[in-house]
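With chain A fixed as given, assemble chain B onto it according to the hints.
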Amino acid sequence: MKDTTEMTETLVEKPESIAVLREGIASGSISAVQLAEEYFARIAAHNPLLNVYLSLTRQQALEQAEQVDAAAAKGDPLGPLAGIPVGVKDVLVMQGAPATAGSAILKDYYPPYDATSVARLKMAGAVMLGKINCDEFAMGSSNENSAYGPVRNPVDPERVPGGSSGGSAAAVAANLAVATLGTDTGGSIRQPASFCGVVGVLPTYGRVSRYGLIAFASSLDRVGPFAANVRDAAEVLGVLAGYDINDATSSARPVDHYIGETEKSVAGLKIGIPEEYFAEGLDSEVRAAIETGIDQLQAAGCTIKKISLKHTKYAVPVYYLVATAEASANLARFDGVRYGHRSEKATNLASMYKLSREEGFGPEVKRRILLGTYALSAGYYDAYYKKAQQVRRILAQEFLTAFSDVDAIVTPTAPTAAFKLGEKTDDPLAMYLADIYTVTASLAGICGVTVPCGATSAGLPVGMQVLAAHFNEGMAFRVAQAVESAQVSKRA
Amino acid sequence: MSIGVSMEEVERVAELANLDLAADEKPCMQRDLNAILEYVAHLNELDTAGIEPMAQVSDLLDAGADLGHGEALRVDALRPSLDRKLVMEEAPETDGAFFKTPKVIER
Chain A
1 MKDTTEMTET LVEKPESIAV LREGIASGSI SAVQLAEEYF ARIAAHNPLL NVYLSLTRQQ
61 ALEQAEQVDA AAAKGDPLGP LAGIPVGVKD VLVMQGAPAT AGSAILKDYY PPYDATSVAR
121 LKMAGAVMLG KINCDEFAMG SSNENSAYGP VRNPVDPERV PGGSSGGSAA AVAANLAVAT
181 LGTDTGGSIR QPASFCGVVG VLPTYGRVSR YGLIAFASSL DRVGPFAANV RDAAEVLGVL
241 AGYDINDATS SARPVDHYIG ETEKSVAGLK IGIPEEYFAE GLDSEVRAAI ETGIDQLQAA
301 GCTIKKISLK HTKYAVPVYY LVATAEASAN LARFDGVRYG HRSEKATNLA SMYKLSREEG
361 FGPEVKRRIL LGTYALSAGY YDAYYKKAQQ VRRILAQEFL TAFSDVDAIV TPTAPTAAFK
421 LGEKTDDPLA MYLADIYTVT ASLAGICGVT VPCGATSAGL PVGMQVLAAH FNEGMAFRVA
481 QAVESAQVSK RA
Chain B
1 MSIGVSMEEV ERVAELANLD LAADEKPCMQ RDLNAILEYV AHLNELDTAG IEPMAQVSDL
61 LDAGADLGHG EALRVDALRP SLDRKLVMEE APETDGAFFK TPKVIER
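So the protein lines, in turn, are chains A and B.
Residue 4 in the working numbering sits at position 4 of the first sequence; the count goes up by one each step and never skips.
Residue 95 in the working numbering sits at position 95 of the second sequence; the count goes up by one each step and never skips.
So here's chain A without its partners, still in its complex pose (with noise of 0.2 Å):
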């Protein structure tokens, strides 16, 4: 126990703000190539025991790196996120590096282009540091699922980080990068975050483009950024949000100004929080830091709602059906023809679609492909997939008619803190229910944040999802940003 906590002292370190380092970078006090030399120097330092990078882009970094320096000895305009080194999940394609999904199939996959997210942050003068791990296809809630090992929590390297975007999370948490791009399709951003105490967003689905992104439930995936505090967090997703012309499902609609918002005074909103939320399952320590959080919330003005969102319960068997549904079509396109592994023992066309695949992916993955398979076959279509589809509007529908009455939504992210490595690896059922929390507004559609709410008596971070109606990121950044004040005043 001693060397854990000592380990953890050396490894949690907090970023600069993007804000303050954007001004010495503007300013000339701080060199944008000193800066990633200083992340990679740390990485180099970290990597080794937490194993959050995958590959890293060095050459590529350090060239952006240069550009950013050179344009703010002319004095020419920066980008919002000139020289702020970033992280992103191996999931997204970045070109030049390995996309590997946390997969063997894909092992040494060099894509050739950068997904809309990965494009944004590079405008907007990121320096990309390189590829992060997850598990495998963002199927998993513990990043224990990856063909490249398992992510450590840096709070307490024995724990799990939180998946699918393990790596993502820890990366921030270890300051190995001041932020990250992950992805959620049950709760693959949010979790991760709470159990590794940094902030993450699920946005709107349609606010952020996922073209470049390897699909896993299409009908629910998305991409959002992790950062060190609310308003680095809002700052990446207003890079990241609009319209692509290349992803059919990303909206049109005009993007909020997310910092503006969560500079706004929480004072007379009023907060929803769900009985359901709180009830069997729910750790006490979990249960305690967030109810301070909420008193935090009443005590700066806002009003507190006991609502009920009753079909709750019903979350994760809909969610397990339609993700595995849309996941075993995406995952029919690796086959050993255009990409990733073929198997050497095929002796025919058959034979290399079954051997490079048995061969490629891991049991998670054959799991999650035969349980899409099941429910989507002749016989048992309208008793599961279309029986799912049912409830997730009645889910979806429940949460619409609580944002008519409430600004937001508030609960705990995760039932329990991180828990330790190997602890739920043989019963998928038990980590699927890792996701209780978080599933149902990745079926609604709905946005969220979770923010840093306390810990638990062993340290542990506990996270406060705040959800908000479709498009209300900025209500859920403001709220979010509240909790944090308050957390950080209480601290101090």
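One or more of the hints may lead you astray.
Under the rule of at most 27 Å between Cα atoms (straight-line distance), these lysine-lysine pairs were calculated in the DSS-like manner [stated by the list, open to error]: (1) A/K490 to A/K305; (2) A/K107 to B/K85; (3) B/K85 to A/K122; (4) A/K345 to B/K100.
Examples of chain B residues toward chain A, derived with CB under 10 Å [said to hold, decoys possible]: (5) M7; (6) E8; (7) V13; (8) C28; (9) A55; (10) V57; (11) L78; (12) K85.
Far from chain A, some chain B residues (derived; all Cβ distances over 10 Å) [said to hold, decoys possible]: (13) G4; (14) P27; (15) D95; (16) G96; (17) A97.
Read the hints as simulated data drawn from the structure, not as lab findings.
Just so you know, even glycine gets a beta-carbon here, dropped at the ideal spot from N, CA and C.
Structure of chain B alone, referenced to chain A:
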């Protein structure tokens, strides 16, 4: 909803999904599938007669309330596509213009 997936069904579904499961994987998959399907069977407690399935978030709001998804088709105009050479470099087997696979028809 019938529960209880047999070994034959596991094999049939694996065949549909183009997965060639190893012998020792099959019992694990059968066990896990049954556990998960038993859990999702809770959905049967709900009467969903008459409820329209929700396939996409854009299905959600009533007509008139616009979520801004796909409200306009993109312009039907030529745009540059990916460089063939870069794409083909990633293929397991190619002649530069086409992807190559093992023979489809045995003679």
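What are the numbers of the hints the structure violates, in ascending order? Numbers 5, 6, 11 - these are the hints that the structure violates, sorted from lowest upward.
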